[in-house]
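Enquirer: Protein chains in written order, with my numbering: chain A, 1 to 129; chain B, 130 to 258; chain C, 259 to 387; chain D, 388 to 516.
In short, the hints are calculated from the structure, not lab data. Wrong hints could be hidden among the right ones.
[To be verified] Straight-line Cα separation of at most 25 Å, DSS-like style, residue types lysine-lysine; simulated pairs:
1) Lys46/A x Lys374/C
2) Lys136/B x Lys304/C
3) Lys116/A x Lys323/C
4) Lys146/B x Lys100/A
5) Lys374/C x Lys146/B
Number of protein chains: 4
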Amino acid sequence: MHGSEAKIRVRYEETDKMGIVYHANYFQWFEVARIQFLDEIGMPYKGLEEDGYFLPVLECTASFKMPARFDDRVSIISNVGFQSPLRLYIEYHVFRGREKLAEGSTTHAFVCNQGKVIRPPDLFTKLVK
Amino acid sequence: MHGSEAKIRVRYEETDKMGIVYHANYFQWFEVARIQFLDEIGMPYKGLEEDGYFLPVLECTASFKMPARFDDRVSIISNVGFQSPLRLYIEYHVFRGREKLAEGSTTHAFVCNQGKVIRPPDLFTKLVK
Amino acid sequence: MHGSEAKIRVRYEETDKMGIVYHANYFQWFEVARIQFLDEIGMPYKGLEEDGYFLPVLECTASFKMPARFDDRVSIISNVGFQSPLRLYIEYHVFRGREKLAEGSTTHAFVCNQGKVIRPPDLFTKLVK
Amino acid sequence: MHGSEAKIRVRYEETDKMGIVYHANYFQWFEVARIQFLDEIGMPYKGLEEDGYFLPVLECTASFKMPARFDDRVSIISNVGFQSPLRLYIEYHVFRGREKLAEGSTTHAFVCNQGKVIRPPDLFTKLVK
Numbered sequence: 001m002h003g004s005e006a007k008i009r010v011r012y013e014e015t016d017k018m019g020i021v022y023h024a025n026y027f028q029w030f031e032v033a034r035i036q037f038l039d040e041i042g043m044p045y046k047g048l049e050e051d052g053y054f055l056p057v058l059e060c061t062a063s064f065k066m067p068a069r070f071d072d073r074v075s076i077i078s079n080v081g082f083q084s085p086l087r088l089y090i091e092y093h094v095f096r097g098r099e100k101l102a103e104g105s106t107t108h109a110f111v112c113n114q115g116k117v118i119r120p121p122d123l124f125t126k127l128v129k
Numbered sequence: 130m131h132g133s134e135a136k137i138r139v140r141y142e143e144t145d146k147m148g149i150v151y152h153a154n155y156f157q158w159f160e161v162a163r164i165q166f167l168d169e170i171g172m173p174y175k176g177l178e179e180d181g182y183f184l185p186v187l188e189c190t191a192s193f194k195m196p197a198r199f200d201d202r203v204s205i206i207s208n209v210g211f212q213s214p215l216r217l218y219i220e221y222h223v224f225r226g227r228e229k230l231a232e233g234s235t236t237h238a239f240v241c242n243q244g245k246v247i248r249p250p251d252l253f254t255k256l257v258k
Numbered sequence: 259m260h261g262s263e264a265k266i267r268v269r270y271e272e273t274d275k276m277g278i279v280y281h282a283n284y285f286q287w288f289e290v291a292r293i294q295f296l297d298e299i300g301m302p303y304k305g306l307e308e309d310g311y312f313l314p315v316l317e318c319t320a321s322f323k324m325p326a327r328f329d330d331r332v333s334i335i336s337n338v339g340f341q342s343p344l345r346l347y348i349e350y351h352v353f354r355g356r357e358k359l360a361e362g363s364t365t366h367a368f369v370c371n372q373g374k375v376i377r378p379p380d381l382f383t384k385l386v387k
Numbered sequence: 388m389h390g391s392e393a394k395i396r397v398r399y400e401e402t403d404k405m406g407i408v409y410h411a412n413y414f415q416w417f418e419v420a421r422i423q424f425l426d427e428i429g430m431p432y433k434g435l436e437e438d439g440y441f442l443p444v445l446e447c448t449a450s451f452k453m454p455a456r457f458d459d460r461v462s463i464i465s466n467v468g469f470q471s472p473l474r475l476y477i478e479y480h481v482f483r484g485r486e487k488l489a490e491g492s493t494t495h496a497f498v499c500n501q502g503k504v505i506r507p508p509d510l511f512t513k514l515v516k
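All chains, full assembly: derive it from the sequences and hints.
Expert: This is how it looks when you write it as structure tokens:
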């Protein structure tokens, strides 16, 4: 498994009337973390799509321990691996400083632009392993 | 100009920590109103796209008088017309009951799937006039 | 467990460049379904908050079988029950016609406006059981 | 008028099925730019709210020249001034490299936590002038 750390700052728009970040918005932070991980292994997602590889989300989960609030600086640590040759699994751990706020996961298939499941590029598999 | 009325119910996600609807979300309500107007004149937007007509937003404005809040039932009255043969202009008036909350506008061009400006379908122009 | 059915229509804003609904947006639909369920048992969420009961999300999951697309009419069936006296669990099943698109869940605590976990109103517990 | 430059990277979630950034999302970028401007003059928005000053949006506009796309690095230049002693006006210019993509504006009042219009802190007025 590979690790990566992304940093975001909480936007006002992401809060709700409870004064905390609306839960669904964490999945956008997970996206930021995932995109950055792909940059770091040298396989930026934009390039993957240009080469005909799309990574839709098959499953996603999140569990919340402490609320994030407006203007918080938040780190998202991601760990990436393969569940099977065709299934990418990413875990996310969300921190404000040393305080754990949340964790979650996404599972992805590689599909072509017709939506059919395809094998990931060999280089990708090699880089993640 | 043609008129239409769409009704939405404010979602929790649309609120922010001020306890009111975040201003940018009104543009999604304007979209709901616009889509419904196109249904009502018999030119649903999905069909327009299938026929190769896309209506990106060129300009948008909104002005806010009273905040909308979670769970409010809100009406969006839209008035639609052409500013020029190639430019569609829509005004929106947002109400909670008889109380005016906001108003706004969007301006659209018709473009093909290459992004080039094209003339709207004649039937569309006729139906709007 | 209690059931309820909510209906939504996919907004353009909810799609992404893959041409399908971005996964995180399903959680907003789950919110719509949850709010409607609470209406149907006579305990609207707005009233719960006014009485000092907030229901933040502790955990959420979703799993996607088929993509939803712009303008789809989608039904969300929710089933609601208690996992423990202090933990509300809701399952969501998302359909386009008879075709299952996705399913998911959210888990909630009841908290007061200070964020402390509290017991749900007795009437609420009774109505859900 | 004061200037500031914020940088963002376009998120996948911000795109729509046209393959471009959905227009309403520019207003979230304007928020990012506004927050950063307030940091730079030493009056962070979080602190303003803690001192009882809220800045709801009274009006907002945007006009789009070229679409922003997934993964674009975008700069938002903001210019901030007072329209009147009680009305803050901010202009935003959105660039991808040297290419202008869009421009827009927001107008704000200062209100207290009861929603009543109040005078901005003297220091704020002095710093913006």
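Enquirer: Hint by hint, say whether it matches the structure.
Expert: Verification of the hints:
{"no.": "1", "hint": "Lys46/A x Lys374/C", "result": "violated, 43 Å"}
{"no.": "2", "hint": "Lys136/B x Lys304/C", "result": "holds, 19 Å"}
{"no.": "3", "hint": "Lys116/A x Lys323/C", "result": "holds, 13 Å"}
{"no.": "4", "hint": "Lys146/B x Lys100/A", "result": "holds, 22 Å"}
{"no.": "5", "hint": "Lys374/C x Lys146/B", "result": "holds, 19 Å"}
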